[in-house]
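Here are the chains, one letter per residue:
Protein chains: 2
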Amino acid sequence: MRSKEIDANCIAILGAGNGGHAFAAYAKSKGYKVKIWNRSISVIDAIKKNGITSSGVLEGHFNTDLATPSIQKAIEESKLIMLVTTADAHKEIAVQIAPYLTNDQVVVLNPGRTGGAFEVSNTIKQHNGPFKPQVIEAQSLLFVSRCTKPSHVTIAGIKRRVPVSAFPSFYNEEAIPALKEVSSNFCETESVLNTSFDNIGAIFHPAPLLLNVARCEDPYVKYRHYIDGVSPSVACFLEKMDNERVAVAGAYGVHAISLKKWLNLVYGSTGENLFEIVQNTKEYQNVIAPSNLDVRYIFEDIPTGLVPISSFGEAAGVPTPHIDMIINLATSMCNKDYKSHGRTIESMELDKIPSYLLKEYVTLGDEFYIEIMNQESVLEE
Amino acid sequence: MRSKEIDANCIAILGAGNGGHAFAAYAKSKGYKVKIWNRSISVIDAIKKNGITSSGVLEGHFNTDLATPSIQKAIEESKLIMLVTTADAHKEIAVQIAPYLTNDQVVVLNPGRTGGAFEVSNTIKQHNGPFKPQVIEAQSLLFVSRCTKPSHVTIAGIKRRVPVSAFPSFYNEEAIPALKEVSSNFCETESVLNTSFDNIGAIFHPAPLLLNVARCEDPYVKYRHYIDGVSPSVACFLEKMDNERVAVAGAYGVHAISLKKWLNLVYGSTGENLFEIVQNTKEYQNVIAPSNLDVRYIFEDIPTGLVPISSFGEAAGVPTPHIDMIINLATSMCNKDYKSHGRTIESMELDKIPSYLLKEYVTLGDEFYIEIMNQESVLEE
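Heads up: the sequence lines are chains A and B, in that order.
Under our numbering, the residue at position 165 of the first sequence is numbered 148, and the numbers go up by one with no gaps.
Under our numbering, the residue at position 378 of the second sequence is numbered 361, and the numbers go up by one with no gaps.
No lab work stands behind these hints, which were simulated from the structure alone.
Among these hints, one or two may not hold up.
The list makes no distinction among identical chains, and a pair is therefore deemed to hold if it is satisfied within one copy or across any two copies.
Stated by the list, open to error - Derived lysine-lysine pairs resembling DSBU-like cross-links, with alpha carbons at most 35 Å apart:
hint : residue 1 : residue 2
1    : K62       : K16
2    : K223      : K62
3    : K16       : K205
4    : K319      : K115
Fair warning: this is a prediction, and the values are worked out from it, not measured in the lab.
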């Protein structure tokens, strides 16, 4: 099963949604051998038959080298394995790829949301994967893209800077170069704690949706997620959530960017307060809100965003009452216990590590334990 | 100061809003001597100058016998003292009337919301009022009325049945007859626990507002509080809050009416679930939602509705997570600590009484302690 040699020029794309379509077209345009996998076979059939037609900043028609419902076939040979599904599916995919994965391959989470690298790395090890899997977490998707129907993608933009880090960061030197060859816009950051705590979507997606739930569910009303959905009181609430996120990051020695600074940095938006800054963001003017709660703003952002941030907070003694309120609201409205299904310190197997040592662990990985043991034996002498 | 004799035919109306205007016109139409007080003097001046013009189910022009900014002058002589302010003002008014109150007078809270009688009764005693003040709590306002401008009121309806009880219920026989003379639609219920736990507004007002906050604050959008504001998910949430309220009441031996049953009883509305029942309620079709959060749906219903229900729940070991979520949301969005400002078991001085004995205490009042002491001495023998 581990017979075929790894081909540095071969990329597996797991997930054929907005991001998967864009990655496949982009990688083909760069001359890579591209194999794409998707859970639903109708999408695979369409790509097999019609290839991928891309419009926007990348115009062209591209045929993938393989479109398959077999995850094993998709990943064999591939140097880079790009996970481009919603983050709530990461664990399940990690289970599926683990038996076929080798030490030479690099798994990239596009993006990992919060704690994706911990979850995927641990899951791979638990399911007979390599003992030291190379897992990279990207802070966001490289593309602003929309797959209007299978085989068709519009790439509205390519982000100029997507921070990435491997877990442990120790592997960055080995793992990241292959990714940077795909796009030099991927840039190395200190550790996956940075990519994890800079999860802006966790703040920006679920709360405005839940605080507009009746409008979201009204079949006769369309409204804009940011422009109509973020009123002065909602903006104040988001800032309180965001302060909690930044405080949690700070407790682990990580300087997370604030929502306001991020809006300024990414979109150049300015204003007296968060409400004004959101209203002044040109890119948000026509973003229509979802029309129900069964959307990734909830089923992805709660368990792989707010739940792990809250759990990191609890472990470090940083209270997150506003983040918890949104988790609880979603839990009640969707009748799903996100706290027990989501990523937590325990499920990410970080509960044995004191919070003040986590940064070191994330840098060193299992070498960390050797370091600690050495230090302890020094102390004992 | 306690010189003037009590006149059984004299009523003091404290508060000249929707309810105060209606009560004044109604009492005058019944031949009572009516004295009306209001905090803001402009309203008093208007009533002094123009009297009250009532339209709707009561048509006519009525001159009050006194319109005054002096609460002392308003209550002297009056057998019935009708509090018709928002419930969050009850405590302050109790402080003001306490020194002038006598044992012959009856204070009526129209309505008391949750725990009004406890709060007012204790406050009167603490501020040199009679040791055994007669305080009646009404479950709702007698009228469906709107004061369009000072001196003008439209009475759309008079409720057929308004449950009332004194605290302690022991006083019902003595206190309620005077009230029933004003309107036989006031009907005695078991105790103020019944009027307190049947606080439907606490469930129906704040949650739909907070879960539609961006729309509420949008100056360009008008929407209907119930018809647009209660979507399927909001209705599910309200039912969970309502189940908590009913469970808390049950823990004190009180059978509270459910929101669904109440809608059926009061409006004859039917449907498969709460969402449908609300949508089928004719009276709700045109109720426009408030346009900001500085409204009684928040500043009255949170501290005198949800906070005391939650506190009663905590004391009896009944969890109220959904009610607490709404308290916390309001606390965050309005930057006001409603939990410490609102009515609690402690502030109502009920914390010394075991929850299983509360019903007895509410019936007997201070006689309760004598009973308990007797029982204890029996046990000691």
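Query raised in the report: Of the numbered hints stated previously, which ones are contradicted by the structure, given in increasing order?
Result: Violated hints (numbers, rising): 2, 3; every other hint is consistent with the structure.
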